[in-house]
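S.K.: Two chains, two frames, a set of hints: combine them into the complex.
Top line first, the protein sequences correspond to chains W and U.
If you're matching positions, the first sequence starts at 3 in our numbering and goes up one per residue.
If you're matching positions, the second sequence starts at 1273 in our numbering and goes up one per residue.
If you are wondering where the hints come from, they were derived from the structure by calculation, not from laboratory data.
Note that the coordinates shown come from a computational prediction; the quantities given were computed from them, not determined experimentally.
Just so you know, not all the hints are guaranteed correct.
[Stated by the list, open to error] Derived list of chain U stretches under chain W, where covered just means 3 residues or more per stretch with a C-beta under 8 Å from a C-beta of chain W:
id, region
1, 1383-1393
2, 1495-1506
3, 1516-1524
[Unchecked claim] Calculated Cβ distances over 10 Å to all of chain W for the following chain U residues:
id, residue
4, S1330
5, G1396
6, V1399
7, Q1401
8, E1439
9, L1460
10, F1538
Even glycine gets a Cβ: it sits at the ideal position worked out from N, Cα and C.
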Amino acid sequence: MARRNTAGYLAAFAVVGITVVPLLFVLLGGFRTTAQINSSPAGLPGPWVWDNYVEVATSPVFWRLLGNSALIAVIATTLAVVFGAMAAFALSRYAFRGREAFYTLFTLGLLFPLGVATLPLYLWLRQLGLLENPLGVAIPEAAFSLPITIVILRPFMHAIPAELEDAALLDGAAKLGFFWRILLPLSRPALSTVSVLAFVSSWNFFLLPLLVFNDSSNFTLPLGVAMFQSEHTQDTAKVLAFTALSMIPALTFFVLAERRMVGGLTGSVKG
Amino acid sequence: MLFTGFVLVPIGVAGVYSLYSWNGFGPLTDFVGLKNYVEALSGDVFQSAIGHNLIIASLSIIVQLPLSIGLALLLNRKLRGRAFLRMVVFAPYVLSEAVTAVIWLLMLQPGGFVDQVLRNVGLGGLVQQWLADPAIVLYTLFVVITWKYIGFGVILLLAGLQGVPSELREAAALDGATAWQTTRHVVLPLLGPTIRVWIFLSVIGSLQLFDLVWIMTLGGPANASTTMATYLIDHGFKRYEFGFGSAVAVILFIICFTFALFYQRFALRRDTEGALTRAVS
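Extracted from the complex, chain U is given alone in its bound form (with noise of 0.2 Å):
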């Protein structure tokens, strides 16, 4: 019930307003169709938007996960501290995304702590407007969320590191096998699993991407860092577009469910035709 009604009827409700020139208020009279669909899927900066999303995505799938596969395999190794250092990396997923967003606002301030570092070890060079340059915002956004989210790959490939027999890695051992052939061959397909989920909820929250940059960018400069949800909301409630912004929801929606439908159908296929080469050879 409690789901059904602040969750899926809200969502259905927006299909309906979607299709109206409203403002929140009065009586829901001005159906203009698919209007609000053309305007927002025809506009440059939704369109950037959308290119904006699967940026962040692609790069989480290029830099992110080789990082996080990287880390676990460090800290499942038996260093010393090896708790402490789990409970460091795994420290910044705990924070918000607003006390994230403050903090990294303050450290990129022109001339700020991340400036001065730079300069400080000789890379002075690279010292940029980092959230005030169109070209490079995104990609200042995407360290940052890098740092806040890296955590959390780590702990989810570190369960599955654990589901790893380690009869499996003594075995390959003894067949001579050098640690990076052991860590190529035995220990990634085994995580194949784990890592799918990652990559699934890692897009599904690039798509969905809003709290950082709103505090970060609002978006800017000049529409540089609007993701759909900044989109959505600078329409819906700044500007009381509701119809607009209803339109703008439901094709975020449908995005996200298209891709999971998708990536289900893809992942499970791929998951089941493992099993049976597996079981055949």
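Only chain W is shown next, with the shape it has when bound in the complex (with noise of 0.2 Å):
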């Protein structure tokens, strides 16, 4: 038994080697100039640099593409929890025709590729006017985060006991009370669960962002780490240290995250 733990304990510490060094690179890579990094790419910091993390935070483009990323995600999660949940509420709480077709419809969705849709996607924003707008991004993402909201928060909706809607009518709510005041609330974890996955795929799109926006000051953290990466590919340090304090906010809301995440994701895989 002690060996087995050894070796699994070798395993680990491999694992975690391979995942973790690509991470400390960036972010000590920050602390070092261009040149440290090009004469030893692999070296420690020597001496400790700050003057790339304090350029990078004290500027006001990385500032306003995290407001950007922030607010755009803001909109999407919203949009979609509001929407998703309603769907969802329908479909599980009320029996109509075509009920089912809708939600297979949903359920094929989660793998429509967003590649497909963008070039009339694309158009249609340009008519509606709505190119180099936030709403552009966030209309969009939340409509591809319907069909995996609706998928989570369906079968926890349907799971709850016909017989405490029966109650609540009987108490003299209606159709919409029971939802408001019963349904959302005893949802909570499914509605985190779903909030936390449009949040972060929000948070992480590229090519629509890119499609979207051409002016640099509407761009999103993922479009600006790339285009700065593009721009000042003679100054591997301070690239890196962009990119460190963007990988920041992801790691942060997971850290919080990851329990709801992992929470979730248990519940809809055991159905």
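M.R.: So, in structure tokens, the structure goes:
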């Protein structure tokens, strides 16, 4: 047993190394100068340089990208969760013709590639005047998050006993009252899972902002990182600092939301 | 409504555009029928792009799946610091593909981090033109994809492992099964549904690969890492061939959809068969 665990720890150690080293390369690289990096790419900072981080953290560009990303993610998440909850409510608590067909359509939506829709989507956004507009990114993102939101929420709402609904109706609540006062609060764990998923996917989206935004002052963080890299190819250290700072929101958010995400996945895989 | 307007309708409209030769501006007049499709499917670059997507998909199943299962089993054991380990493995999945691409772009620079580490550990002979050599660029990208997505597989499988009752393992152990036998004959079959979900998501993901490739290589060098999606965006948005790009989009859609239908049928049938044989024996 002891031997097995040693092997286990060794394997775990190797895995951690492979996962973490690239992240450390970025974080520590930001504390070096480009000259240091060029002469020894795998070395440690010596001496430690704070300039790169200070420069990036005090530049308006970085904060504007962060703000753009946050704004879009909040709008997209709100839309996806509000519409997703309503659709899941209808699909789980009302019996109507074509209900299963609707649900199947949403499940199939899980595999609609964004790439396929982009050309018409782009033209349509252009017609609606939503190019260079945060809404032009947030609304389609919300639409693409709907399938997963509904697929997770519907079974959850379905499992809430009908007796509760009957009791609520007897107590004089309308269908909508039941939705607001009982179903939504009871669905809170599932709602937080889908919010996290919608938020993270919006935060990381690349293709849509790439097409919708031409003006770099509207860029989101992923676009900004890619742009910064191609504009500062000679200044590796600064690119590393920029990338490191842009990783921080996602990683922090993940640490805070990890339990929810895993909990939600466990629930949905178990069915 | 939102879903119909921004997901379903655009896909349908792409089908219409695909029949025209059109640059995205002005009226839609130049009807060319299936010419765009014929042109795309008979072109070398698009054919190789389909090939690249298929290579990535197969490599995922052959390499990533066993790796994820191994890791999940490892992290399911009672190791000290297990929660921390799980978090670390999952961390790259949270980063955007753009950030991942930039990190690896910098690490893979000629004479950069990766090369120096290889030299320092005495494997200098392995140093390559990681992203500039058409023969290996696709495999380099695959390694990066694996780094980023392995955590997702692990989390999914860990969730599946929680559904394996510990009584079953104990019973197997009492019957004298070794750890390996228990894993092989008790745990893996019970993970079946989770594994099938993973394969499904992984293949669909491989078919749609875009961000990482776009930032790291733009499909180059010499189209050696072009995927269907980079081909689509390149023609649609860089060259303003909206009709042609739409045809490519529809082909990509049909490939994904056909795979999904067949897989659903195949996987579902296997699941019911398994249930039947289990019930009988």
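S.K.: What are the numbers of the hints the structure violates, in ascending order?
M.R.: none
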